[in-house]
Amino acid sequence: MFLIYCPYCEEHREEEEFHPKGQAHIARPADPEACSDEQWGDYLFFRDNPRGIHHELWVHAVGCRKFFNITRNTVSYEILETYRMGEQPRFTAEYPEGKPAEAAAARAEEVERQEGVKA
Amino acid sequence: MQRYSGFGLAKHALNHHENWERQWRNPTPKKQYDVIIVGGGGHGLATAYYLAKEHGITNVAVVEKGWLGGGNTARNTTIVRSNYLWDEAAALYEHSMKLWEGLSQDLNYNVMFSQRGVMNLAHTLQDMRDVQRRVNANRLNGIDSVVLTPEEIQEIVPIMDCSKNARYPILGASWQPRAGVARHDAVAWGFARAADALGVDILQNTEVTGFKIRDGRVYGVHTNRGDIEARTVGCVAAGNSGVLAKMAGFRLPLESHPLQALVSEPLKPVLDTVVMSNHVHGYISQTDKGDLVIGAGIDGYNGYGQRGSYPTVEHTLQAIVEMFPIFSRVRMNRQWGGIVDTCPDACPILSATPVKGLFFNCGWGTGGFKATPGSGHVFAWTLAKNQAHPIAAPFSIDRFHTGALVDEHGAAGVAH
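Residue numbers (the UniProt record's numbering), protein chains in the order written: chain A, 1 to 119; chain B, 1 to 416.
Honestly, the hints are just simulated from the structure, not real lab data.
These numbers come from a predicted model, not from an experiment.
Errors might be hidden in some of the hints.
[Claimed, not checked] Once the Cα atoms are required to be at most 30 Å apart in a straight line, the calculated DSS-like pairs of lysine-lysine come out as:
| id | chain 1 | residue 1 | chain 2 | residue 2 |
| --- | --- | --- | --- | --- |
| 1 | B | Lys289 | B | Lys246 |
| 2 | B | Lys31 | B | Lys385 |
| 3 | B | Lys53 | B | Lys30 |
| 4 | A | Lys21 | B | Lys30 |
| 5 | A | Lys99 | B | Lys53 |
| 6 | B | Lys246 | B | Lys98 |
[Unchecked claim] Listed next, the stretches of chain A that the computed footprint assigns to chain B, with coverage defined by at least 3 CB atoms under 8 Å from CB atoms of chain B:
| id | segment |
| --- | --- |
| 7 | 13 to 20 |
| 8 | 49 to 55 |
| 9 | 65 to 77 |
[Claimed, not checked] Which residues of chain A face chain B? A partial, calculated answer using Cβ under 8 Å:
| id | residue |
| --- | --- |
| 10 | Met1 |
| 11 | Tyr5 |
| 12 | Glu38 |
| 13 | Tyr95 |
| 14 | Glu97 |
| 15 | Gly98 |
Even for Gly, the Cβ is constructed at its ideal location relative to N, Cα and C.
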């Protein structure tokens with residue numbers, strides 16, 4: 001059972017309030033009429049389906065009813081982050097520990113917070 | 001191969017059953033084969049068997065990362081039927097059904113194929129229309145199929161709640177008398193033994209880690225036990241097909257989901273057929289041992305965890321108790337998940353790929369077990385002749401670009 005943090009409600013809620021909606025970040029072709037059959041078929045049907053870190057679209061169906069994204073490990077099922085539409089993931093297959101620059105910044109922030117008062 | 005028979009059983013009894021020969025060898029991989037099959041489940045082993053038997057290609061390796069039939073072959077609910085709506089799918093599953101009917105004799109292995117009938121219930125007027133349409137389509141395709149009234153259903157399954165007061169009253173059903181169940185482990189073992197006897201090397205604990213591809217053509221596979229060469233490679237890896245496709249450098253229109261099933265404690269015989277319901281979403285049969293085998297739906301999200309979520313189990317058991325109030329106090333013994341590769345049109349992919357010599361047999365989604373012999377039979381033909389078998393042709397991967405989908409969500413709607 002997942003406990004999912006809805007980035008809009010800003011609360012952890014039970015899995016049953018949500019519905020998965022497949023792979024995230026699939027951009028609809030700007031001009032569908034100009035697509036070849038290959039491009040259109042790829043857009044409609046072909047998916048990444050990775051074993052490991054995956055970015056998914058979910059909807060908070062019986063909550064705020066807003067769509068948002070989850071970065072999740074498809075083997076361990078660990079949820080690494082949830083983020084709003086239009087935002088980019090911090091954890092990716094390439095950077096499972098978080099993107100270096102952002103991770104460093106986040107770590108610095110953490111250190112700062114833990115060390116208490118600083119000038 | 002030592003043939004099994006009643007006489008053989010009596011003979012071995014004299015030696016206290018200590019001299020049975022092993023069912024298949026455990027060979028070391030050769031450097032080169034004519035054909036490599038990736039995946040030692042039912043479909044892969046069947047492919048190897050029919051390659052050897054029908055096409056005389058015996059220099060074949062089945063490469064399996066775990067043990068034989070340890071994936072979905074051993075995780076399904078063993079249902080076999082062929083009442084599919086569209087001509088293309090009906091031809092494929094009926095081809096398989098005909099092979100099932102002679103399979104135990106063919107393999108000299110009792111796969112316990114039991115034609116006890118499969119019933120698909122209808123709970124709404126639209127369900128009834130769909131049932132009638134599908135039954136008519138089946139009959140036009142020469143597949144046995146009838147529409148049952150609630151009275152006829154009650155006669156076949158006396159323990160089902162067919163009253164008008166049910167939350168989702170049963171209005172009728174489709175009924176395929178030739179359908180039934182088979183012992184899934186025996187199917188994998190039977191194919192493995194028969195293929196091995198014809199010279200096929202079955203390589204267990206051998207994981208494919210990559211493909212040897214040069215100039216758009218496959219030359220073999222990399223494995224944890226060294227490289228193995230072959231100019232024809234067939235991948236039959238169910239939930240892991242997407243991972244293999246990525247190694248070969250292309251994508252498939254598949255998503256891998258956990259599909260779960262559960263069995264109860266053993267009961268005295270109470271249900272002698274298979275009952276499925278799309279609408280309340282559950283399906284159930286009873287094994288020879290007495291366990292109720294219950295199938296649930298897939299989890300909506302992608303997963304490779306081979307376990308299912310609790311909300312899905314809860315929903316399924318609600319459906320079962322809705323149909324069979326008599327089971328409300330039955331305790332469940334075990335629950336597990338298998339990883340199914342679902343296709344957008346709920347039909348499989350039996351196809352060549354962008355890499356020459358590399359073929360995929362995948363996308364069976366929630367209902368691959370019933371197709372095991374047929375899938376192996378047509379895929380072996382495809383590998384041997386390097387062109388699609390007429391029954392497999394409509395299931396080419398091209399259909400996701402041409403748009404010629406075979407939409408079987410109706411007949412395959414309930415996970416099975």
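Original post:
Hint numbers the structure violates, sorted upward?
Top reply: Of the numbered hints, 1, 4, 5, 6, 11, 13, 14, 15 do not hold.
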